[in-house]
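Just so you know, the protein sequences line up as chains D and U, in that order.
Residue numbering for the first sequence follows numbering that gives the first Met the number 0, starting at 0 and increasing by one per position.
Residue numbering for the second sequence follows numbering that gives the first Met the number 0, starting at 0 and increasing by one per position.
No lab work stands behind these hints: they were computed from the structure.
Listed next, the in silico SDA-like pairs over lysine to any residue satisfying Cα-Cα at most 20 Å (straight line):
id, chain 1, residue 1, chain 2, residue 2
1, D, Lys17, D, Glu56
2, D, Lys100, U, Leu130
3, U, Lys6, U, Val152
4, U, Lys223, D, Glu203
5, D, Lys155, U, Lys198
6, U, Lys284, U, Thr63
7, D, Lys198, U, Glu203
8, D, Lys6, D, Tyr253
9, D, Lys155, D, Gly131
10, U, Lys223, D, Asn196
11, D, Lys198, U, Glu199
12, D, Lys223, U, Glu203
13, U, Lys61, U, Ala49
Just so you have them, the derived chain U footprint on chain D, three or more residues with Cβ under 8 Å:
id, region
14, 117 to 126
15, 151 to 164
16, 190 to 199
On a predicted model such as this, the values are computed, not experimentally measured, just so you know.
Using N, Cα and C, we set each Cβ at its ideal position, and we do this for glycine too.
In case you want the letters, here they are:
Number of protein chains: 2
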Amino acid sequence: MQILNGKEAAQAIKDSLKIKVAQLASQGKEVPHLAAILVGNNGASETYVAAKVKACEEVGFKSTLIRAEENITAQKLLETIRELNSDPDVDGILVQLPLPKHISEDEVINAIDPGKDVDGFHPSNVGRMVLGQSTFVPATPYGIMLLLEHYKVETKGKHAVVIGRSNIVGRPMSILLSGNSNPGNCTVTLCHSHTPNLKELCLEADIIVAALGRAEFVTAHMVKDGAVVIDVGITRVEDATKKSGFKLKGDVAYDEVAPKCSFITPVPGGVGPMTIAALMKNTFKSCAQKHYEEAEGE
Amino acid sequence: MQILNGKEAAQAIKDSLKIKVAQLASQGKEVPHLAAILVGNNGASETYVAAKVKACEEVGFKSTLIRAEENITAQKLLETIRELNSDPDVDGILVQLPLPKHISEDEVINAIDPGKDVDGFHPSNVGRMVLGQSTFVPATPYGIMLLLEHYKVETKGKHAVVIGRSNIVGRPMSILLSGNSNPGNCTVTLCHSHTPNLKELCLEADIIVAALGRAEFVTAHMVKDGAVVIDVGITRVEDATKKSGFKLKGDVAYDEVAPKCSFITPVPGGVGPMTIAALMKNTFKSCAQKHYEEAEGE
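Make the full structure from the sequences, and use the hints.
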């Protein structure tokens, strides 16, 4: 059994970006600039955004954190996005989800300039991903693909079972793994809340991607020997022995599943750091594209 | 065994559209207008476009067929599309595929106004489909969903195996069947040329969608009793006894498979007519949307 160490793989990606950013700076060019919008005071969202801002610092990106009150109007939020869209200094825009219930997430995401949508949630970027065109792939699935690539996990011809059909993880993961690419070329079964025989399907899987958001849902009796297990879940479970009052649990019962696996991601330290590294890669890509277009226009 | 009669279901859709178009006309409103671009002289393309134009006549739409020589430049083709984009009288634009090799299909499709892309091939429409937002669903998968709906085929919780991952059929079909909708809510396995154990996977399927384009590929020993079989294939096979010199074969060996099925589509007369009915529905939707926006603007 080998651990797919997301911390290490993410560090390798960030180290490589850091060098490229330093090159840009030494050429007098603008470095990538990520603008993050955080609405309200959700604890998990605070943590995620802070980690993204910290990663920007690490690799040498500029970052701007825009905070809005929980009761901000949709109109005001859309205005902020339009300002960022038209700001030539901003390369990437992300709106930390979830948003308060009075605001339509679709409307907000659809307002982001697709060329700055480094989360890859805009319909035209999702469509480009499906069609295999150049795009920003959503950070979590992109991070998983980078992790598989980093550890040279063979995927071609394998049967992957993806549990969960969310727009930000399960669905794009099923699309990427079944694409004609490397990693990719898996036969993919996409499972969800209406799948009656999940255990049996998982037992057939060479690769399991657990992205349903239920702590320790995937147990040893659902996993065949030698499987690759990717754990996307991250649930806060109460734990009085911790200072924070909680501990983080994945969707996989790691202790009992890991011994059966050829490869497995830990939680934390697996998919999480890769998500942030993928976001950094997308932001760099947006900036590089801008410099390329500027050079073409000269 | 019940035949999923695409001719009948398509006729019901066209009859319903015909009434709605007559209502528009009686209110003095513009009726839907489909513009089709046909490049070169591919025999199958000629047939398909002719069938689409004929369907427009049947339901009372306006249609314009624009023919271009095989050697048209990409620039000239893009110009034609831009003219149609800005023509307020045109509700739907379709470019019959395949295009000659010197022209990028992606570039051409991406140039179509997404609001007139009634084939549903533009990235932003593909993305909206994935995200469950209002869109034009590609005609063939949309037609299949309408056929399942017409015959009230139960799909929720069923295991669907889709063979073929093309952008115009297999991929969108896998997305639609696994969506939280009705028809939908299937567990979906997407198979393709790198799937090693296709026979075994098909044998587990409650629903098989064959969209790989190989005549009579799906045989009786791949299908379990009671399965629903949707045959998207349409291959011209030489046949000296026919005046045309060929006959049409589906991807399913119909004669041996049909007796095992609960439902099956014939070829021809199954998915083909539904594709055209779905295109008509998309074109009507585009026109209705235009009238709605005009009324809102008054």
